[in-house]
Amino acid sequence: MTAADALLLGLGTVAVGAGLLVVTTRHLVRAGLYLVLCLGAVAGLYLVLAAELVAWVQVLIYVGAVVVLLLFAVMLTRAPIGASKDLDRPGWPALLVGGGAGLGLAALLVDAYRWSFVPLPAPGGAERIGEQIFTSWVLPFEVLSVLLLAALVGAIVASRPGGGR
Amino acid sequence: MIPYVTAALLFGIGGYGVLRRRNAVLLLMSVELMLNAVNLVLVTADATVRATLPYSGQVFALFVIVIAAAEIGVGLAIVLRLYRLRATVAVDEVPLEPATADPVDRGAGAAPGTAGAAAERPRAGEVPA
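One line per chain: the protein sequences are F and H, in this order. According to this note's numbering, the residues represented by the first sequence are 1 to 165, in order. According to this note's numbering, the residues represented by the second sequence are 166 to 294, in order.
Chain F extracted, bound-state conformation:
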């Protein structure tokens, strides 16, 4: 049990606990704030796993942009301030499918990897990742830029009042 193991265990516990609170809390805004905690813990996991650039992009895009967007949507749909009673559907099928998928995948991965020790690779900073993106993955990168443009136009058209009919 090294320091990295302890960090991974602690951050993983925080992430899973905050994720559970996201799907069980009765306050819409608190769900968004727990999501911040969960995504931040996952960013910490990335840092421990020597993926620097991915960790900072996670903080920038998820914690910075996506959660703010979600909170704006919560406000724009006029969510109640206190606890809401009608947020959930009957839970047994969901519990079955979600718990089955989570525990089944966990068992599968534990069986596949056991308790293996691997030396962590060199930290993936912006320089190395950028080199990889612009040599081996140029085509997907460009396709992604087209996808982003299409999503931008689609979002504008879908949310324009009176448009999109």
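No lab work stands behind these hints, which were simulated from the structure alone. Ideal Cβ positions, reconstructed from N, Cα and C, are used throughout, including at glycine. It cannot be assumed that every hint is accurate.
Which chain H residues face chain F? A few, computed with CB under 10 Å, are given here [claimed, not checked]:
1) R187
2) Y220
3) A242
Model the placement of chain H on the given structure of chain F, informed by the hints.
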């Protein structure tokens, strides 16, 4: 191994949330949880498995983050559009007739199943939290 188990549990939680929640915004949050689990698996595999191309797992994780950002943008635009047209964001009961009056005042009439929620919603003048 610990990150793999974390990712699997996060994926299960996300799936549970997608099936359990009624509010479309909460549904999108659960989808984000599932996407994060996939990203965590990609980054962990990049650290543990020796691949021919170095850092390909991290590059894929970046791509998935970009796709998630695009997805959340379009998804929220559709959700807001639905709220403007039907005055509800519950995914399992969408009223068929389009909304005509102010969404707050008409919530009780247009969506009988969510009458309790409509009564609890703040009035248009108040600042939603």
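Quick rundown of the hints versus the structure:
1. Taken as an interface hint, H:R187 checks out: its beta carbon lies about 6 Å from the nearest beta carbon of chain F, inside 10 Å.
2. With 10 Å as the threshold, the beta carbon of H:Y220 comes within range of chain F, its nearest partner Cβ sitting at about 5 Å, so the hint holds.
3. Checking H:A242 against chain F by beta carbon gives a least distance of about 4 Å; that is within 10 Å, so the hint holds.
The structure meets every hint from the earlier list without exception.
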